[in-house]
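Peer 1: Sequence:
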Amino acid sequence: KGSTSPDRYIIVGSHHHTAYSYNGQEWASSTAIITAFIRAVMLRVKKGWRPDRTIVFCSWGGTAFGNIGSYEWGEDFKKVLQKNVVAYVSLHSPVSGNSSLYPVASPSLQQLV
Numbered sequence: 001k002g003s004t005s006p007d008r009y010i011i012v013g014s015h016h017h018t019a020y021s022y023n024g025q026e027w028a029s030s031t032a033i034i035t036a037f038i039r040a041v042m043l044r045v046k047k048g049w050r051p052d053r054t055i056v057f058c059s060w061g062g063t064a065f066g067n068i069g070s071y072e073w074g075e076d077f078k079k080v081l082q083k084n085v086v087a088y089v090s091l092h093s094p095v096s097g098n099s100s101l102y103p104v105a106s107p108s109l110q111q112l113v
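The sequence shown begins at 1 in this note's numbering and counts up by one.
Hints may be right or wrong, so weigh each one.
[Stated by the list, open to error] Taking CB as the label site, the calculated pair distances span:
(1) Arg-50 - Lys-83: 30 to 40 Å
(2) Tyr-102 - Ala-40: 17 to 27 Å
(3) Lys-1 - Ser-100: 30 to 40 Å
(4) Ser-100 - Tyr-71: 30 to 40 Å
(5) Pro-6 - Ala-40: 17 to 27 Å
[What the hints assert, rightly or not] Capping the alpha-carbon separation at 25 Å, the derived lysine-lysine pairs in BS3-like fashion look like this:
(6) Lys-1 - Lys-47
(7) Lys-1 - Lys-46
(8) Lys-1 - Lys-79
(9) Lys-78 - Lys-1
(10) Lys-1 - Lys-83
It should be emphasised that the hints constitute simulated quantities derived from the structure, not laboratory data.
Beta carbons: idealized from backbone N, C-alpha and C, even for Gly.
Throw the hints in and build the complete structure from the sequences for me.
Peer 2: Shown next as structure tokens:
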């Protein structure tokens, strides 16, 4: 929960497929990245850090069916989302290739990358 703006949400989202689908690597990388991100945030929280805004972590299902998971969730919480969400961080297909990592972010998010 955010310390200064608990009613303002940053949504960090990723999708997941079944591990047995055509692209198990994509499923594994998306799930691993969001899990690692949650762990990193929680380690900072345990050291006393609190985000200014509330962070909501989401893992979406149904991407093979028109993103039905995130769509339905958005429909269910439409009014809250329109009023309170200030940012969405997408971790959709976050890893590809085998070269070095070169993260890019806006200045306000640089400390997270």
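Peer 1: If a hint holds in the structure, say so; if it doesn't, say that too.
Peer 2: Against the structure, the hints come out as follows:
no., hint, in the structure
1, Arg-50 - Lys-83: 30 to 40 Å, "violated, 22 Å"
2, Tyr-102 - Ala-40: 17 to 27 Å, "holds, 19 Å"
3, Lys-1 - Ser-100: 30 to 40 Å, "holds, 35 Å"
4, Ser-100 - Tyr-71: 30 to 40 Å, "holds, 35 Å"
5, Pro-6 - Ala-40: 17 to 27 Å, "holds, 21 Å"
6, Lys-1 - Lys-47, "holds, 15 Å"
7, Lys-1 - Lys-46, "holds, 13 Å"
8, Lys-1 - Lys-79, "holds, 19 Å"
9, Lys-78 - Lys-1, "holds, 20 Å"
10, Lys-1 - Lys-83, "holds, 17 Å"
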